[in-house]
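**Student:** Letter by letter, the chains look like this.
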Amino acid sequence: GNSVTQMEGPVTLSEEAFLTINCTYTATGYPSLFWYVQYPGEGLQLLLKATKADDKGSNKGFEATYRKETTSFHLEKGSVQVSDSAVYFCALSGGSYIPTFGRGTSLIVHP
Amino acid sequence: SAVISQKPSRDICQRGTSLTIQCQVDSQVTMMFWYRQQPGQSLTLIATANQGSEATYESGFVIDKFPISRPNLTFSTLTVSNMSPEDSSIYLCSGRTGGGQETQYFGPGTRLLVL
Numbered sequence: 001g002n003s004v005t006q007m008e009g010p011v012t013l014s015e016e017a018f019l020t021i022n023c024t025y026t027a028t029g030y031p032s033l034f035w036y037v038q039y040p041g042e043g044l045q046l047l048l049k050a051t052k053a054d055d056k057g058s059n060k061g062f063e064a065t066y067r068k069e070t071t072s073f074h075l076e077k078g079s080v081q082v083s084d085s086a087v088y089f090c091a092l093s094g095g096s097y098i099p100t101f102g103r104g105t106s107l108i109v110h111p
Numbered sequence: 001s002a003v004i005s006q007k008p009s010r011d012i013c014q015r016g017t018s019l020t021i022q023c024q025v026d027s028q029v030t031m032m033f034w035y036r037q038q039p040g041q042s043l044t045l046i047a048t049a050n051q052g053s054e055a056t057y058e059s060g061f062v063i064d065k066f067p068i069s070r071p072n073l074t075f076s077t078l079t080v081s082n083m084s085p086e087d088s089s090i091y092l093c094s095g096r097t098g099g100g101q102e103t104q105y106f107g108p109g110t111r112l113l114v115l
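Keeping their order, the protein sequence lines are chains A and B. Mind the numbering: the first sequence is residues 1 to 111 in our numbering, read in order. Mind the numbering: the second sequence is residues 1 to 115 in our numbering, read in order.
A hint or two may mislead.
[To be verified] One-sided excerpt, in silico: chain B residues whose CB lies under 10 Å from chain A:
hint	residue
1	85
2	92
3	112
[Claimed, not checked] These stretches of chain A come out as covered by chain B in the derived footprint (C-beta under 8 Å, 3 or more residues):
hint	stretch
4	8–22
5	81–93
I should point out that these hints are in silico values taken from the structure, not numbers from a laboratory. Note that the Cβ used here is the ideal one computed from N, Cα and C, for glycine as well.
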């Protein structure tokens, strides 16, 4: 079946540090890939998406590129802020795919 | 895009009772889903809500425990029946838009505590 694997957290960084959260997936065919963010006490918000290979999704300084050859969709941000502290979920979905989520990676950013 | 609202936002219930959670989407979505999220955990898909027919349940979830309705394209309900403390969780409604730019959106969640 389909699966999404994210790096274990928590990821702890100082403000303005570079962020990478790794995500790899297993799926037949060509799903769409997503990153969601969940702030404390809230639901999931769509952060960015990519619908085909080599697409780059971006939003609020975050980026991720759909890499079919490595089946990856790593999330990056050049300079994190305290307000980016949240849990980040990688997911695949689209078409006939049952939406599949990773376990989530907690990000903690210190001033 | 789609904006999804849920009611209630939170509730505290007694063991053995049932709670119905409502989910409303502000635009038509092709698919609607119900998830459960334990604190600090990832999402577990309970079922896909199908318009006008029985929901499709994932392994470990049954209709008698989690009856679901979806009378139209923008509304769905999830009932948690005969609750026990193990049902304490966050329940999330989700809708997926179609039309070639399929994207899944989430409601804010319903926080349920069963005593």
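**Student:** Next step is simple, just say for each hint if it's right about the structure.
**Tutor:** Status of each hint after checking the structure:
no.: 1; hint: 85; in the structure: violated, 21 Å
no.: 2; hint: 92; in the structure: holds, 6 Å
no.: 3; hint: 112; in the structure: violated, 14 Å
no.: 4; hint: 8–22; in the structure: violated (count 0)
no.: 5; hint: 81–93; in the structure: holds (count 3)
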